[in-house]
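K.L.:
Each chain, letter by letter, is given below.
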Amino acid sequence: MTDNGALLEVRNLVKHFHVGGGLFGGAPGVVRAVDGVSFAIRRGETLGLVGESGCGKTTTGRCILQLERPTSGEIVFDGQDLTKLDDAGLRRFRRRMQVIFQDPYSSLNPRMTIGQILAEPLVVHGLAPDRAAREARVGELLRHVGLLPQHAHRYPHELSGGQRQRVGIARALAMEPALIVCDEPVSALDVSIQAQIVNLLEDLQGQFGLTYLFVAHDLSVVRHISDRVAVMYLGKIVEIAGRQALYEDPLHPYTRALLSAVPIPDPDVEARREHVVLGGEVPSPLNPPAGCVFHPRCPIAVDRCRSEVPALREVKPGHWAACLLA
Amino acid sequence: MATLLEVRSLTTEFVTRGGVVRAVDGVSWDVAEGETVALVGESGCGKSVSALSVMRLVAAPAGRIVGGQVFFKGRDLLALSEEEMRRVRGREIAMVFQEPMTSLNPVLTIGRQLTEGLEIHLGMTRGDARQRAAEVLATVGIPDAARRLSQYPHQFSGGMRQRIMIAAALACNPALILADEPTTALDVTIQAQILELMRDLSRRFGVAMLIITHNLGVVARYADRVNVMYAGRIVERGSARDLYRRPRHPYTLGLLRSVPRLDEPRRARLQPIEGQPPDLTRLGAGCAFAPRCTFRVERCRVERPVLAPADGEGHVTACWEAARLARAPALA
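Chains as they are written, first to last, in the numbering used here: chain A, 1 to 326; chain B, 1 to 332.
Next comes chain B alone, as it looks inside the complex (with noise of 0.2 Å):
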């Protein structure tokens, strides 16, 4: 399939007490029309500025873009004007967020809400507009959707007004959502019923999907490609399948074999991934998984690795020592 959006080398930057924090350090990805993609990483990755940074929505003065290009649609968005890229956003490319409350305007009602995107790019006229919100309201599985219009944010519970930021997402047809941990908030049955709802919506509609997330389940269960994240670099790719059956990247092992299992017999013991997440401010010119990697050799401490080919389509990894790690046993 053709190539939607391409991020090439980007570098995002946030000035910060402790020092200049490159939280995306030259990342490259991309999303195939109607593809589902994930971002995995955990906090303080770089998963959430990459998405910013594709709306060019990072804040100002402390983060900056500093590098890179955007493609999307083969045009570079890095290069629109601002004027031309409010015309991409909410238009071509939309976002979910993770809370909706803070995303909804408290004071506005939910009709409003939706219809401004219409009324603005798409021109339409308020009837118009308010038809179609009512028509993906209930598309999104929201009952009574025209009357429920006039009603205001407060009123819906958490699975509803995630449902409503997807209406939004959905409702000037983009070709492309940003799903920034889009059930987090929510609970178990709930996050069940948004995340059918994202897969069924995108195969019905053709809409491609990045979906950022920490949980290694909902990758597993939605995504077709997945992009891990350490440290604000992409430690490994490939396709769902070769990253969960053949983890060529120490970090992506030990996310994999630190999570308990439903389906599998209880263990004795967890094998956490020891020590803590590196501080960006510090990072030296080694790989930065190198102090909690059991894989680590001396060569790890002093030179940065680089993406490579590893077995399997696309399937790539940053690791020294990533052809021992194809050796060592399966996941148990």
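So that you can see chain A by itself, here it is in the shape it has in the complex (with noise of 0.2 Å):
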């Protein structure tokens, strides 16, 4: 999947941990949290990565941001792969990649106004020469993000939460970065919110050329941002397709089960739809099934899926599925 427009390209990312063995910790183990993951995002695209919890995709997200060294796997940005490169090589990059999180409360210092929490990374990168050029800037941010300058001297606390989250974005765009992983970042929010938010993010995009990794498990928020999407089940992608074919012909039955479990907010139309309900659970990673990974939920399951792996291969152009019957 190598393209030249690419502005990080993943390729076999496997983050594996070791659990257990310890005084208390039982039995020692690997978790495959990660599992061979590979994909690329292009300049100014938002890919969206979704999946169930313990899917892997936050630790994926987190790998890319280099907050967790990966096992084994390259992670190219803007050329320069981040796996190869020591603490001080990485904090050349580390501006350039930006995070938001879900929950904003927890990640805004409550003892500091909003004012300093959005100077502090200015002075840590030496981005704004003076106090003069500091609050500038930090009142050009609060616009861009939808807020007031007053709002500068304001603490966490008084704010609501969709208010934070344009602190939490506000804050990632100080250091004027090229990718921001974006991490369940309306999924705490009011529903009446999270749609002012999503805009918010559509704009900027525009606004700043931004790429985006949007990590999330709302797949109509997903649909709705994402220019293609990927689907991850037990730390590996089973599907990625550009928006309109992964939603409207979903090749991988795990991706069919998923839509097909959203509940669709209209009365009629739910007395009309015939849900996939997919039995048992996801298995843990520890111990992952042999074969597919999906094959002791799989509706469509046969023998040969037991035993074989399968790889994820291009089934229709830019439609890639894992598979062994699509």
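Some hints could be false.
Unchecked claim - Simulated coverage check for chain A against chain B, where a stretch passes if three residues somewhere in it have a Cβ under 8 Å from a Cβ of chain B:
| no. | segment |
| --- | --- |
| 1 | 156-167 |
| 2 | 188-197 |
| 3 | 217-229 |
| 4 | 271-278 |
| 5 | 303-316 |
I should point out that these hints are in silico values taken from the structure, not numbers from a laboratory.
Even for Gly, the Cβ is constructed at its ideal location relative to N, Cα and C.
Each chain sits in its own coordinate frame; assemble them with the hints.
P.N.:
See the structure below:
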């Protein structure tokens, strides 16, 4: 999947965590949180990364940001493999990759004003030479995210959830990043506020040419904001395609089940709709099933799925799926 | 069908540092036998406090029910002694919460937690209670139920724990289950399993259900009737169909418009409700939604609208401009 317009390329990313074996740890084991993930994101593009809890989507984001060092694989950002760099070498790149978290409250220091929170990274990275420049930049950042200059004097607890998420976004913007990893940025917000934040993210993308990795579990929001979408299950990408292809012509049975599980806010539609309710639960990544990791829950699995690991292959142009039957 | 629960002019207040907050402000709603009713709204609208007030579980001394009645099978629960109320909780009205791990005791086996209520409420012997516990666990789809009774909550997954909570709620054959965001903490595929299970059980055993949620999709699929809450009040009520087809309150309309729908073509831009949710310590005299409302007129700032009939049986809305809203273009 090499693409010359790619800002980010993830190649065979693997992240294993060793658990247990300690004083109270029980039997030692290896959690295969991310197990051979590859994808690319073009400049200015939004890639949605969806999946259920424990599928490895957040760990993938953290590996890209180098908040976790991958077990193996390459993270090529703007032509440079980040996994080959030491801390000093990474510093130069960290600024250009920012993150927006799910819960802005726990990522904002409660004892600092919004102005101080936004000015701090400017000082650390030497992006504003003096106090006047910093204040001007803070005011500009607040305006970009739809807040007022007077919000600079407030504390995080004085803001609503939506306003706090706007501060989180402003802090990411302060670094003039190229890539922003948005990790469930709207899932903690009220329904009426989610749409405000989604619109803001889209506006900022247009204004600053940002590239997004949008990690989320809400399939409706992901469809709205993404150009392409990757679906993860148990540490692997099971399907990746353009937005329209993935939602209108899903090839992997897990993607189909996910889409079917989302209730539509319309009683008439729901009354007519047939649901594929998946049995069972996501198996433990400590001991993933042999063959296709999805086979124990798959409604169409055949014998071969129990032993053969399906490769992610291009079933239709630009539409990749990891299913033997696709 | 006969009315099972009738909440009348319920008012619950909390003392906070910012002043007294009326979390539930003179709210009336009801649930008929065997019916599934939804209470919908965003965080802080008073939907959870409404359910806790029915159970008389509002945390004192900060929180207090200051007015109203809660008639259950004809008796006012707010007038019962604490002793009498204990016989209602779990026995006649059960509750299921969002996060099962915080409502299950981590140091007791699942069996002990399920049999406790049966022994206390129904006077069962330990042996009978254990048998009944295994039976309800099997009913909610936990395989190998008899053996799993001796396991602890941490040995179950999130979805399984929520099944256990539902089993605990069902154990004493209650007439009503109050489910507060029962699937919000769960993954979509597990959420679908749990909701289908709840609907199936409600039909099989004729249990009435109050579902408290912010998810409009869940409401559309599972509720017969819907109450929409905003800032401590019900702003619209009706059958699920009327409410989604012909919303007559600008807040309901705004909520429906703000969510992207998988069954419709992608829109170029989402339509949010602008502004922020209100600060309950500083509500003015007018409609609490007015500052965010696109239909607002002068009257909305000074006079609070009351629930009045809209088109559709039992459909009511608290909006001065409901007639104008009815003429507005339907949901695009």
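K.L.:
Look at each hint and say if it fits the structure.
P.N.:
Against the structure, the hints come out as follows:
Evaluation of the coverage hint for the segment 156-167 of chain A: fulfilled, as 4 residues show C-beta separations to chain B shorter than 8 Å, against a requirement of three. Counting residues of the segment 188-197 of chain A whose C-beta sits closer than 8 Å to any C-beta of chain B gives 7, which meets the bar of three, so the coverage hint holds. Restraint check on the segment 217-229 of chain A versus chain B: 6 residues with Cβ-Cβ distances below 8 Å, three needed, restraint holds. For the segment 271-278 of chain A, the proposed coverage by chain B is satisfied: 3 residues have a C-beta within less than 8 Å of a C-beta in that chain, meeting the threshold of three.
With a cut-off of 8 Å between beta carbons, the segment 303-316 of chain A has 0 residues touching chain B; three or more are needed, and the interface restraint is violated.
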